[in-house]
Amino acid sequence: MSRLASLAIAAGLALPMSAQAADNYKLDPTHTSVFFHANHIGYSKVFGLFRDVSGEFTLDEDNLSANKVRILIKAASIDTNEKARDEHLRSPDFFNAKEFGEIVFVGTRVEKTGDKAGKLHGDLTMLGVTKPATLDITLNKIAPHPVPKYNKVQTAGFSARGTIKRTDWGMKYGVPGVSDEIALMIEVEGHKQ
Amino acid sequence: MPDLAAFFDLNDPLVQTALLPLAVGAGGAGLLRVLAGPGLGPRIAVVAAVLALLASYVATLGLPPWPPRAAIHKIAYIAALGTAIGFVLALMPKLRGQAAPLALAGVVAAVLWLGWNRLGDFGANGPTLATAGVAFAGYVVLYRTLGEAGDGQSEGVNALVHAFGAGAIALIGNSASLAQLSFATVAALGGFMLWNWPKARFAFGPVGAFGATGAVVAMTLQMAMFTRASTSALMLLGLVAFADILARPLQPTVGAMAKAARPLVQGLVAAVIVGAAIGLAYFLDEQP
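These protein sequence lines map, in sequence, to chains A and B. Following my numbering, the numbering of the first sequence begins with 1 at its first residue and continues without gaps. Following my numbering, the numbering of the second sequence begins with 1001 at its first residue and continues without gaps.
None of these hints come from the bench; they were simulated from the model. Cβ atoms here follow ideal geometry from the backbone N, Cα and C, with glycine treated the same way. Do not rely on the hints blindly, as some may be mistaken.
Stated by the list, open to error - Some chain A residues judged to face chain B by a derived CB distance under 10 Å, without partners named:
no., residue
1, His88
2, Leu89
3, Gly101
4, Glu111
5, Gly114
6, Pro132
7, Thr167
8, Gly174
Unchecked claim - A few chain B residues that face chain A, going by a derived Cβ cut-off under 7 Å, partial list only:
no., residue
9, Asn1117
10, Ser1175
11, Ser1177
12, Phe1226
Based on the provided sequences and hints, a complete structural model is requested.
Written as structure tokens, this is what we have:
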């Protein structure tokens, strides 16, 4: 038997075990929000959000560190409540949305810091650059959804907060007038698959 | 005593886009002429315009990464590589006669390299037929600049006004950094052209064609592929390559100032074409 075939069988055996241990959840886009704010010349904080967000995560309550998350954001869906500014943010000066259409965060490890709190370590890919990013996460609730149309599907909700330096991803335009530090506020609901 | 450091603050967009490239373009051209001597100097002085653009690039966007990730990083390398190719062509006059295939190869290579990240999405977010139109316009500009055995004035005027048009169209299309780089090219070529008016002293040649004009053509290609800049306006901008021909019937032929007036008249004709392109970009713009 070839080495490749052996590896394939081994992987096949391993998959059901991990699937048993962790449940897969799909993000509910209607209850998932990715917000950010940037300091504007020291005067104020400008808030914005991405309207097109999708993704999934695994949830193993017995082994939190093994949990994974993948959030996919369409860069062109940015909205700061000012259309002209949004067009500028989509341009090569900032998100370069036509050339790099997707922003992806892949959480690879959870570090428990409290009963329902932890640090989610992962990689953020933006503008063709992948760099580590860490978010403080709070598990808000895991329970069957009470609204009838959801058929009591197991639902998990998290809040995540963090700060990144956009220049680490090569987004240099406008610094320091538009701050290098960008605060992230992510609210997520996922339904068990 | 005036505070020169404050006056020449490299974080100031006016310094990045105008003063720095103007100073490097003008000072560098004179320096290259002196350093390279009367034989080679006038032929390579135009390198200063490309150096001025690169200086402005670094001041505005920082050093481009290698390998470049985004099209905007590739603009700097295209300017540098174009200058190197121009050098080779300047040393091989036989190759210079092949302006059509050289310009075509240059534009095709630029489209493929700039559009590399999105070539798989043809028509969606990547290259489109409109991009092909802008590429053709770029080919015409490059071909005419490369094929012209002018005195440096005619090609320089066309390149300068072409860069201005590209900058204005980029600005209307919400791409400030591309606008800044285009306007920096205007200042860089302006610095170079200070030596070429009223008397033509320095050649533009293949170094200027591939280095400076090539960089502006690459910027228009990036705008077409990855920004909301008007592709119709960018195509119209290509007509600036014919400004010298269109200006011929208007050129004064007699009088003491005839020679000095020639680039000005050509510049005005080019400005009319560029004005039409900017107007088209403005009226087609769907800005809220």
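Structure-based check of each hint:
no., hint, in the structure
1, His88, "holds, 5 Å"
2, Leu89, "holds, 9 Å"
3, Gly101, "holds, 6 Å"
4, Glu111, "violated, 30 Å"
5, Gly114, "violated, 38 Å"
6, Pro132, "violated, 18 Å"
7, Thr167, "holds, 9 Å"
8, Gly174, "holds, 8 Å"
9, Asn1117, "holds, 5 Å"
10, Ser1175, "holds, 5 Å"
11, Ser1177, "holds, 5 Å"
12, Phe1226, "holds, 4 Å"
Taken one by one, the earlier hints fail for this structure at numbers 4, 5, 6, listed in ascending order.
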